Structure formats: C-alpha cells, structure tokens
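Colleague: Chains as they are written, first to last, in this note's numbering: chain C, 19 to 255; chain F, 567 to 905; chain L, 5 to 296.
Treat the hints loosely; a few may be bogus.
Stated by the list, open to error - Heads up, simulated EDC-like pairs for lysine to aspartate or glutamate below, C-alpha to C-alpha not over 20 Å straight-line:
#, chain 1, residue 1, chain 2, residue 2
1, C, LYS125, C, GLU159
2, C, LYS87, L, GLU178
3, F, LYS765, F, GLU779
4, F, LYS865, L, GLU178
5, C, LYS95, L, GLU216
6, L, LYS268, F, GLU779
7, C, LYS128, C, GLU159
8, C, LYS95, C, GLU241
Claimed, not checked - Computed spacing ranges between beta-carbons, pair by pair:
#, chain 1, residue 1, chain 2, residue 2, range
9, F, ALA784, L, THR278, 51 to 61 Å
10, C, ARG191, L, THR278, 34 to 44 Å
11, F, VAL894, C, GLU220, 55 to 65 Å
12, C, ALA131, L, TYR259, 53 to 63 Å
13, L, GLY148, C, ARG73, 33 to 43 Å
14, L, TYR64, C, PRO142, 36 to 46 Å
15, C, MET235, L, GLY167, 43 to 53 Å
16, L, LEU7, F, PHE817, 55 to 65 Å
17, C, ARG73, F, ALA784, 29 to 39 Å
Stated by the list, open to error - Residues from chain F that face chain L, not an exhaustive set, calculated with beta carbons under 8 Å:
#, residue
18, ILE672
19, ALA699
20, ALA702
Hints listed in this document are in silico derivations from the structure and should not be mistaken for laboratory results. Predicted, not measured: the structure shown is a model, and the values here were computed from it. In this text, a Cβ means the ideal position worked out from N, Cα and C, and glycines have one as well.
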Amino acid sequence: MTAMLNVRDLRAYYGQVQALHGLEFELHEGSLTTLLGANGAGKTTTLRAICNMVRSTGSIQFEGKTINKSSTESIVKLGIAHVPQGRGTFTTMTVEENLQLGAMTRKDTKAIASDIERMYAHFPVLKQRHTQQAGTLSGGEQQMLAVARALMLRPRLMLLDEPSFGLAPLIVRDLFKILGKINREDKVTILVVEQNAQLALELADKAYVIETGRIVMSGNATEIANNEDVRKSYLGY
Amino acid sequence: MSALQEVVNDTQPVETTPKKYMALGTTASVVVVLLLCLAPLIAKNFVIFQMTMVLIYAIAVLALNILTGGSGQFSLGQSAFYAVGAYSSAILMENFGVNYALTLPISGAICFLCGYLFGLPALRLSGIYLALATFALATAMPQLLKLHYFEHWTGGVQGLVITKPDAPFGLPMSQDMWLYYFVLVVSMVIYVASVNLLKSRSGRAMMAIRDNEIAASAMGVDVARYKTLAFGVSAGITGVAGGLGAIAVQFVAPDSYTIQLAIALFLGMVVGGVGWLPGSIVGAAFIVFVPNIAEEFSKGLSGAVFGVILVLIIFLLPHGSRQIAYTVQNWVHKLGRRG
Amino acid sequence: MDLFLNQILAGIATGAIYACMALAVVMIYQAIDHLNFAQGEMAMFSTFVAWQLMQWGVPYWGAFVLTLAFSFAGGVIIERVLFKPLGNAPVLTHVAGFIALFAIINSVAGLTWDFTIKQFPSPFGSSPFLGSQLISTHQAGMIGVTIVLLILLFLFFQYTRIGLAMRAAASQPESARLVGINTSWMIALGWGMAAAIGSIAGMLIAPVVFLEPNMMGGVLIYGFAAAVLGGLSSPFGAVVGGFLVGVFENLAGTYIPGVGNELKLPIALALIVTVLVVKPTGLFGRTIVKRV
C-alpha cells in the first residue's frame with residue numbers, strides 16, 4: 019500500500035534557524051497517527067511545513083502529488099484540514115459563520131447546509147450556541163468548533179496541533195473519542211501532534227517520536243507505548 | 567491587532583550595535599562630522615543655508631524618532647511643536663530683545679511643557695487614534711496662530727520678521743556660515759544627549775513600553791510617566807529645532823507650519839529609518855533636497871516625480887537608510903574575516 | 005430654536021459627504037488594516053474620469069457605471085503593483101507609500117486636467133428639497149445614496165460567501181488561509197471595492213465642492229474623523245460618524261464665538277478626540293479583548 023502522505027528529508031527554517039533536520043515519515047490512508055515530542059522538538063513546525071506556512075526544503079507528497087511549492091490555500095483545497103495550535107477560531111464571527119468558513123472551498127451549497135446539521139449532531143453544544151460570537155466560547159467549545167470547522171472541508175487528511183492544550187482532562191477524553199469516531203466512520207486520515215502522550219497513544223494506531231527536528235522512533239502505538247525510553251520520557255512511569 | 571501594536575513591533579531596537587561594530591560606527595561618525603565641518607568652506611552661501619536647514623530638520627526628525635522609535639508612540643503633530651518653538655524664539659527676540667542663543671533653551675522648555683501636557687490625554691489613545699489626535703493639533707496650530715487675540719505678539723497672518731545674527735567676536739565669516747556652525751554645534755549636542763538618554767534607565771523604560779506595554783508595567787515601569795515624558799522630550803527637541811528654523815529663515819508665519827511640515831518630518835523619519843538616530847540626517851536631507859530635485863526634473867509633474875522617488879526608496883529600502891548601514895557593516899565584517 | 009434645527013439640518017446635509025467618504029475609509033481599513041491617505045485623491049481621480057467621459061458625450065449614468073468599473077480595476081491594480089510587493093514592510097513604510105501615491109495622483113490629475121475648477125452635474129438637480137432652503141435635492145439624494153450603499157454593503161458582508169471570506173481574511177488571515185481562502189486576492193478585492201465606493205463619494209461630492217485636483221483634501225480629513233469617531237470596524241458607525249461630524253462642525257461654527265470657517269475643522273477634531281479619550285474604540289467600534 020502506498021502512503022497517502024509521504025514526507026522525505028524535510029528541513030524547515032525560521033529565518034536563519036533550522037527547526038527540522040531531515041524529517042521522514044509517512045501516513046497511510048485511514049490511519050490515525052500521532053507525533054510525540056517535547057516542547058520545541060518541531061511538532062508544530064512539521065504540521066506548518068505540510069501546509070507550507072514555514073520555509074522548508076525536501077519533499078512532501080500528498081496522494082502522489084508534490085505539494086511543497088503550493089500555496090497554503092491550494093494545499094487546503096486538496097483536502098488537508100489543519101487545526102492549528104490555539105484553534106484558529108474566527109473570534110469575531112458567529113459559530114455558524116465559522117462552520118461556513120470551513121466549507122469555503124466547496125461549492126455544493128445544499129450539502130454544506132446538511133453538513134452543518136451533521137456537525138451540530140456531533141457537537142450539540144455548538145448547536146446551542148450557533149448565533150453566538152465564537153470568541154465567547156470556552157476553550158473546550160472552541161476546540162470542538164475548530165474540529166467541526168476542519169470537518170466542514172470534508173477533508174481527506176486532518177492535521178491537529180495539540181488539541182488537548184489548555185483543556186480539562188474530561189473534555190480531552192471526549193474530544194479524543196470524537197476524533198476516533200471521525201477516523202473510523204468518516205474515513206478521515208488523522209495526524210495528531212500531542213504532548214499528552216498517554217491519551218494520544220491510546221487513540222492512535224501508529225506513532226512517531228520526534229526530538230530536536232528528527233524522527234527518533236516509529237512504530238505501532240502499542241509498541242511505542244511499551245518502549246522503556248518513551249515510558250520514562252513521555253509517559254512518566 | 568491595534569495599529570500601535572504594529573508600529574511597536576515593527577520598530578527595531580534603537581542603538582543595539584554590537585561591540586565589534588563600534589569602531590566602524592565611530593569611524594563613520596568622525597568622517598561625517600568632519601565633512602559637516604569642512605563643507606561650508608567650499609560651498610556657496612545658498613548651499614550653506616540649505617545645509618543649515620538639513621541640520622535643523624535633522625533635529626526635528628530625531629525628536630520624532632525618540633517618540634516613535636523610543637517609546638512606540640506616533641505623532642503627526644510635530645509641526646505644532648515646531649511652530650511653538652519658532653514663535654517662542656521669534657517673540658523673545660523681537661519683542662523682548664533676548665539673545666538668539668538664549669531663546670533656544672526657553673523655546674525648548676516651553677515646548678517640553680506643551681508636549682508633556684498634550685501627552686497626558688494622549689495616554690488614553692494609541693495607534694490610529696493617537697495619529698488623529700496629533701493630526702488635529704497640527705491642523706489647529708496655524709489657525710490658532712492667526713487668532714486676533716494673540717496678534718499683538720504673533721503678528722497675525724503677517725507673521726514676524728527676525729534679524730539674522732552676525733558672527734560674534736568679529737569672526738571673519740558670513741552670517742550664513744556662522745549660523746551653520748552654530749546649528750551644527752547645537753545639533754551635535756542634542757544628538758549626543760539623545761543617544762545617552764536612550765541608553766539610560768529612562769530610555770530602557772521607554773523601549774520596554776514600546777516592545778510590550780503590559781509586560782513593562784508588570785515589571786514596574788511607570789508607563790504613564792515615561793510615555794508623557796517621551797512626548798515632552800520629543801516636543802522640547804522639536805521646539806529647539808523650530809527656534810533654530812525661525813532664526814535661519816528670518817521669518818515666522820502661521821502658514822509655514824501646516825500639516826505638510828508634519829508629513830515631511832514623518833517621511834524624513836521613514837526614509838532615515840524608524841528608530842535609528844543617525845538616519846535622522848539622511849531623512850532631513852531627503853526632505854530638503856528631493857522636492858527640489860523633483861521640481862528640476864519636471865515642473866508640472868514635480869509631485870509625481872517626488873512620489874515615484876519616494877516609492878523607489880521604500881521599495882528598495884523598506885527600513886530606510888539604516889538598511890544601507892547594516893549592509894555596509896556586514897560587508898566590512900565579511901572583508902575583515904577574510905583578511 | 006429654529007436656527008438650531010436649521011443648523012442641524014444643514015449639518016446633516018454636509019455630513020452626507022463625510023459619511024460617504026468614511027464608508028470608503030472603513031471599507032479599506034477592514035481589508036488592509038490601514039487608513040489609506042490617498043483615498044481622497046483616488047476618488048478625485050475617478051471623478052475626473054467621469055467628468056472626462058461626460059465631456060466626450062457619455063450620458064451621466066453611463067459615465068457613472070464606467071467610472072465605477074474603472075475605479076474598481078484601478079484599486080485592484082494599485083494594490084497589486086504598489087502595496088502587495090511592500091508586503092511585510094513596517095506599517096510606517098506603508099503610510100509613506102500612501103503619501104507617495106497621494107503625491108503622484110494629485111500631480112498627474114493636475115497636469116492632465118489642470119487646476120481650474122470645473123462644474124460637475126448632479127443626477128438629482130439642485131432645487132430646494134421639500135421647500136427647505138437648507139437642503140437641496142442633491143444633498144437629499146446624497147443621503148439616500150449613502151444609506152442605500154450602507155445597506156448593500158451590510159447585505160454583502162453578512163449574507164454572501166465572498167463577503168464572509170473577506171471578513172475572515174481581514175480578521176484572522178492565517179486561519180483564513182487554512183480554510184482555503186486566498187487572502188491576498190481578498191485584500192485586492194477590498195481595495196477595488198473601496199476605490200469604487202470612493203468614486204461614488206467623489207461623484208456625489210463634486211457638485212457641491214466643485215471639481216479640481218485638491219477637492220478632496222478637506223473632505224478626506226473629515227471622512228477619517230468620521231470613520232474614527234464611529235469606530236473603524238463598523239460601516240454603520242462610519243455613516244453615523246459622518247453625520248455627527250457634519251452637525252458638530254456646523255454647530256461649532258454657529259454657536260462658539262470667534263470660530264470662523266478656519267477654526268471649524270480644529271474644533272470638530274478636538275471634539276472627536278475628546279470622544280475618543282472617553283471611548284477609545286469609537287462610538288460603534290468593537291472592543292477587542294486582548295489576551296496576553
């Protein structure tokens with residue numbers, strides 16, 4: 019089986035500073051992969067490089083097509099939804115407008131309307147607040163909104179940057195359950211970057227560990243979870 | 567993000583030259599000062615007058631640099647302080663017979679007070695709103711100077727004529743040349759004082775406010791005090807420039823100090839490099855010479871020529887003349903390493 | 005009392021000019037987060053184009069539509085050629101760019117059409133409106149057009165996908181790109197729309213102040229003031245601000261002793277600054293809560 023996303027020798031730079039040093043990994047269609055690592059390891063940069071939001075070299079292929087040189091907008095149009103760190107909420111707009119923005123690349127007005135209803139079914143809290151300004155939502159609600167907004171694209175691949183950040187543990191569990199469901203039922207390939215390694219490993223079927231801009235370990239999630247070093251460094255037992 | 571925030575984030579730190587470049591900076595300064603000292607000996611009187619104006623505008627641009635580059639506040643009202651300084655000197659000289667040199671500190675003090683008082687309400691405003699408030703000040707000033715209540719002193723629309731000072735102690739030089747050297751000394755004193763101010767505790771406090779107001783206040787910087795202080799100092803220095811300008815032109819009138827002057831000073835700051843004090847003189851030269859060049863190029867289209875020159879400059883050097891300085895620095899540094 | 009009411013009415017009539025200009029100012033501020041200092045000159049240039057078309061025999065409404073199209077294209081081109089390349093240059097550099105644009109347009113218009121004032125026709129005529137000496141049919145028509153424009157803009161931004169995309173691009177550019185919006189073209193579109201609205205303002209203002217290259221200088225200042233007073237984030241606020249500034253200015257001219265025509269502007273500005281000191285985001289501006 020060929021990989022849906024194939025990343026080879028990825029190097030990324032912020033000005034003069036190199037953040038990624040020849041990263042290599044691949045995602046298979048329908049998989050749920052997690053990218054683990056400490057602060058500053060390059061997790062966020064990896065996601066940003068996939069969407070061409072940071073200067074990078076190397077090769078990134080999505081479904082056989084090289085996307086390095088494409089603009090962020092056109093990468094999104096290929097069906098890659100990116101939920102950025104800090105959720106990227108359109109704070110001054112209503113919840114419903116946020117969802118509509120998620121479907122900006124689509125032209126099928128009717129399907130969009132029904133998708134919005136589907137999102138409300140997934141996340142009932144958004145339905146309650148659909149006319150409210152998104153900036154007034156709580157952190158957890160905004161994260162739900164961000165995931166829902168990304169799904170409105172009908173993505174083939176979804177990139178999530180620390181979805182658990184700043185959320186209460188119970189809410190994080192809910193969110194991860196929903197992500198699992200999306201992966202299984204909607205057949206969306208997911209790459210989730212996490213610091214909460216325990217939860218991420220429970221959820222994922224494949225995992226990569228990244229350290230100072232390099233992949234240092236990869237394997238099935240259960241293997242990784244049982245690895246001595248990973249347990250010590252990321253799981254804390 | 568508020569516009570001020572952007573101004574703040576865009577302005578680069580003032581005076582952060584690393585030690586190894588100091589020698590280069592010093593050499594450059596010495597060369598520039600020498601050139602400035604020797605130039606009048608070969609130039610014609612009119613050119614000397616123009617160079618005097620360059621120095622005077624350089625002082626005014628420097629004042630704006632202290633406000634914008636130093637404390638992150640933005641003003642379109644510098645022409646108002648310039649006018650107050652000019653009129654203060656003119657009135658003191660003509661109505662009270664004060665010596666021209668002595669009027670300068672008085673003008674500076676009056677403007678410092680005006681700036682400080684204006685800075686108080688301006689504390690509540692930032693970015694675009696502050697720009698509008700200072701803009702209001704700039705448009706009001708010529709009208710205020712025309713008011714008949716003050717006509718006894720200001721001369722109303724007619725303005726005041728000032729006698730040009732002679733060189734003292736019977737020195738054998740023309741009035742223009744004497745005034746040039748006088749302005750040169752004043753501007754160097756102000757430049758050195760400004761550099762030291764920005765390096766001082768107060769300067770660091772102002773820059774902390776520029777970079778992050780909330781963080782600065784959390785560190786115990788008295789934000790209100792330093793912001794108003796920056797306004798006061800900037801206005802005071804502008805006032806001295808205004809006084810010198812009045813003496814050099816030998817004339818003050820309300821319509822010499824319109825918003826156009828404020829815009830010119832602003833352009834001078836951008837062309838020189840926002841927050842880079844040595845750039846002030848480059849910016850001032852731009853203000854004085856480029857309109858003339860444009861005029862010579864084409865009478866009918868002088869505005870367009872000026873605009874095109876300005877566009878070329880900001881395209882090639884979005885950070886103003888400091889960009890050239892940095893390039894030269896890097897270049898010399900590389901040569902040094904190779905050698 | 006009669007004088008007072010009359011002055012208010014007259015203020016509203018002049019306010020319509022400012023409201024129209026303020027709308028264009030807010031439009032571009034929404035798109036690019038800057039005040040465009042050359043906006044007045046762009047409007048002036050558009051108005052001259054309309055005038056020229058009419059001189060060539062094009063009927064008023066034909067010239068009106070052509071000018072709208074010309075201005076839209078002109079706005080887009082200026083953005084593409086001048087301001088897109090400036091990209092991430094500091095804000096103050098952008099402001100210098102606006103000033104340069106101002107000088108260029110003013111100078112070119114002066115050379116092409118010279119500085120003598122020209123009559124510009126009004127589609128509404130200039131007879132007294134409903135028998136009032138203070139407000140003419142043209143001024144009434146202007147108020148009408150401003151309000152219609154406001155409603156159209158509201159509908160555009162609230163109910164069309166492209167309007168939504170433009171708002172998104174302006175408020176959170178990075179997130180907007182992540183949902184597939186081409187933010188760069190949204191900015192160009194904002195320029196085009198602002199230029200078109202500005203041209204409408206110019207064509208409505210020209211019959212009142214006469215057509216000449218410097219006609220917009222004062223008007224733009226009032227337009228800025230109105231936009232800032234109303235809150236730069238609100239087209240509705242800009243229009244209300246425009247009318248308020250017009251009324252302010254008239255009342256100050258009438259009731260404050262010693263205020264001639266000359267001091268009207270400073271007094272109006274001072275009042276606005278006072279309002280801003282009390283309410284720094286303008287009357288209808290959205291307060292943005294900053295997280296540190």
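Colleague: So, for every hint listed, does it hold in this structure?
Modeller: We went through each hint and held it up to the structure:
no., hint, in the structure
1, C:LYS125 with C:GLU159, "violated, 27 Å"
2, C:LYS87 with L:GLU178, "holds, 18 Å"
3, F:LYS765 with F:GLU779, "holds, 19 Å"
4, F:LYS865 with L:GLU178, "violated, 46 Å"
5, C:LYS95 with L:GLU216, "violated, 48 Å"
6, L:LYS268 with F:GLU779, "violated, 36 Å"
7, C:LYS128 with C:GLU159, "violated, 26 Å"
8, C:LYS95 with C:GLU241, "violated, 35 Å"
9, F:ALA784 with L:THR278: 51 to 61 Å, "violated, 30 Å"
10, C:ARG191 with L:THR278: 34 to 44 Å, "violated, 54 Å"
11, F:VAL894 with C:GLU220: 55 to 65 Å, "holds, 59 Å"
12, C:ALA131 with L:TYR259: 53 to 63 Å, "holds, 56 Å"
13, L:GLY148 with C:ARG73: 33 to 43 Å, "violated, 52 Å"
14, L:TYR64 with C:PRO142: 36 to 46 Å, "violated, 57 Å"
15, C:MET235 with L:GLY167: 43 to 53 Å, "holds, 48 Å"
16, L:LEU7 with F:PHE817: 55 to 65 Å, "violated, 42 Å"
17, C:ARG73 with F:ALA784: 29 to 39 Å, "holds, 34 Å"
18, ILE672, "violated, 26 Å"
19, ALA699, "holds, 4 Å"
20, ALA702, "holds, 3 Å"
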